[in-house]
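K.L.:
Using the hints provided, position chain B with the ligands relative to the given structure of chain A.
Chains as they are written, first to last, in the working numbering: chain A, 1 to 333; chain B, 1001 to 1263.
No wet-lab data here; the hints were simulated from the structure. None of the values given here were measured: they were computed from a predicted structure. Backbone N, C-alpha and C define an ideal beta-carbon position, used for all residues, glycine too. Treat the hints loosely; a few may be bogus.
Covered stretches of chain A, as calculated for chain B (at least 3 residues, CB under 8 angstroms) [as the list claims (entries may be wrong)]: (1) 190-201; (2) 204-215; (3) 218-229.
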Amino acid sequence: MASIEAKTGPMTHSRLPRRGLSRHARLALVWLALAAVPFVVPNAYWISLANLALINLVLIASLNLLMGYGGQISLAHAGFFGLGAYASGILNVRYGLPPWAGLPAAAVVAGLGALLIGIPALRLRGHYLAMATLGWNAILVVFFTQLVGLTGGPNGLLGVAPFSIFGHALDTEAKAFPLAWAVAFLVMLAISNLLASRIGRSIRAVATNELGAQSLGIDSFRTKLAVFVLSAGMAGIAGSLYVHINQYASPETFGIAPSIMLLVMVAIGGAGTFYGPMLGALIYTAVPQILLDYEDAELMLFGLGLLVVLILFPRGLAGIPAALAGLVRRRRA
Amino acid sequence: MNTPRSTGDLLEVEGLTCRFAGVTAVDDLSFRVKAGEIKAVIGPNGAGKSTLFNMIAGVTRPTDGAIKFDGARIDRLPTHARARRGIARTFQNLQIFCEMSVLENVMVGRHLRGRATTLSALLHIPSVGAEERAMEATAMALLERFGLAAKAGLPAGSLAFGQMKVLELARALACEPRLLLLDEPAAGLPHAEADKMAETIRDLNRDGMTVLLVEHNMRMVMSLSHDILVLNNGRRIAEGTAEEVRRHPEVLSAYLGEEAVDA
Ligand SMILES: Nc1ncnc2c1ncn2[C@@H]1O[C@H](COP(=O)(O)OP(=O)(O)OP(=O)(O)O)[C@@H](O)[C@H]1O
Ligand SMILES: [Mg+2]
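This is chain A alone, in the form it adopts within the complex (with noise of 0.2 angstroms):
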C-alpha cells in the first residue's frame, strides 16, 4: 500500500509555526545564568545549598519525568537515590573503585532495584506501583539500616572519597560546584530529549489514555516499566553525587518521608511542566534552611503549602504564567 507521506506530496509549507529559542538554547541559556551563581553569593555555605538544590534538581526532575509525564506514582524515589549512593559509596569505600566508576554503576544498580519491583508491579492494571514503591522504600531502608559491614548501618557510611578530576580531588564546595552543575544540565538535556521524541509522546500517550496508546501499536506495560526504570536510574545517578560531594551517606536521607516530599515538590513545581522542578528543588532545598529550629514543622508547612498551590494553580508553581494568561484572555472576552 502506498505511505501516507506518497500520497498527500511535499508538505514543506505546513510546519507549525515555533515561538522563540529552541528547547536546546533555553535550557543552555538558564545553565549559562546559574553557573554565576558560585561568584554571586556570599560564602561556601551557600555554594553548599546550590549542590544541594542541583542535586535535588536530578531528583525532583526524574521523579517529574514518571510522575508528571508517565503518570505513575512512585514512592521510592528517595530509595533508589539512597540505592544509587549506597552502590557508589560502598564501590569506593569497600573496593577502593573512583567515583567515576561508581556514577553510572549507580545508575544500573538504582535502575535494577526499580526493575526488580517494577516488573511485578506494573503488570497489574490500576495503580499498584505506588504501593509496591512504598514497600520497596522501607524494606529498602531496613537493607541501609541493617547491612552493617557494607553501609556501616545507622552510623552512616564514612571515609567516601570525593570526585577527581586529572588527580585533582573535587573536595570542596566550589569545587564540586562545576560537576553537579554539568550533570544537572546532562539530565535534564536527557529528559527534554526524551520528550521530543516518539518514545516521549508514547509515554504521555500511555499517562492519558493507556487504551487509546495502545491501539495504536504502543506496548503500554514496557513503556511504563521503561520509565520508571530510567526515572530510578537518575534519581541513582544523583545518590552517586550526593555521595562524593558530602562524602558521607546515612538510611535517614533515603526514606519514606523523603520520598514523599520529593511527589510534593513534583506537584508543587507543576507536574508535567519541563522547569517545574526547578522551582520544586528551589523550594526543597530552601525551606528547611529557613525553618532550622523547627525540623517538626517542615512536613506540616509542605503539605500546607502543597494545598495551596494545586488549589490555585493545579499545574504547581511553573503553571502560573498560563494560569494568568488564562485569566487575562476570560477578562477580555
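P.N.:
Same frame as chain A, now just chain B with the ligands:
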C-alpha cells in the same frame, strides 16, 4: 457498483464466543472480511458489536473461537501487537489524548513507523530529529486532509465532538493500517457531518482500505457497505448485501420498535 476490489480474506472469525458473567455477548460467531471491502456489522443495542470489535482488537479476551488476520492466528496477541500487524481502530466512546495537542495525537499514530529508541532519543542523535520532522509533516498533512490543520496546536480535549471523531480517524490512519475498525463513526454527528464521514470512508476504501464498520445510521450502512452482517443477542441472524439484508424477515423483527431499516 459496490464490488470490492480484490478477493482473499483479510480477517477470518471462527466460532468466536464471549461470555461475561451471565451474558453471552457474542455467541459462536463466524464470518470473513475480504481484502478491499467495506463490511458492516449492525444490530440492536447490546447485540455484541462492540464486544466483537474489542475481541478483534485484543481488548477483550474471547471465551472461545479463533481470529485470523492475513492467515495467521492473532487471538492470543496483545492489543499493541495486533496494531503492529496492521489493525487500527476508532472507539465508540472516544479514546483521544485530551491533554496532548491535536497534532501530537496524530503523531502518536505514527509511533509504529518510527525508529527512535529510548537511548537514541535521550542522546538526540541526528536521525531522531529527522524522524520527528518527518512525523510532524505526515501528521500535519493528515490534519490538512481532514480539515483540522487550523487546530493543530490546540489541546485535543478542546475540540468539538465531531472534530474529535475525525481526529480519531486521522490518528488511526496515521498507522497506515491494512484493516480499519470503525465503531459508530457517525454516532452523535449532525446530518451533514455524518454524510461527510461516509464520504471519507468511501474515499479511503477506494484507495484500497479494508473497513469493518459498526454503525446505527442505516442510510450510511446501506450506501457504503459491500456486505452486511446482522447480529442479535450475539448471534448472526443475516448476512449479505444491503438488498438481501433489508428484506430478511428476522432482521425486520429484530429491528421492530428499534428503527426502520430503510435507506
Ligand atoms: N465488560 C462487560 N461486562 C459485562 N457485560 C458486558 C461487558 N461489555 C458488554 N457487556 C454486555 O454484552 C452485551 C453486548 O454489549 P456490546 O457493547 O458489545 O453491544 P453493542 O452491540 O456494541 O451495543 P451498542 O449498539 O449499544 O453499542 C450487552 O448485553 C452488554 O451489557
Ligand atoms: Mg457498541
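K.L.:
Take the hints in turn and mark each one as holding or not.
P.N.:
Now the hints, each set against the structure:
Judged by the Cβ-Cβ criterion of 8 angstroms, the stretch 190-201 of chain A is covered by chain B as claimed, because 9 of its residues qualify and three suffice. A stretch counts as covered by a chain when three or more of its residues have a beta carbon under 8 angstroms from one of that chain; for the stretch 204-215 of chain A and chain B the count is 9, and the coverage holds. Restraint check on the stretch 218-229 of chain A versus chain B: 4 residues with Cβ-Cβ distances below 8 angstroms, three needed, restraint holds.
Of the hints listed earlier, there is not a single one the structure fails to meet.
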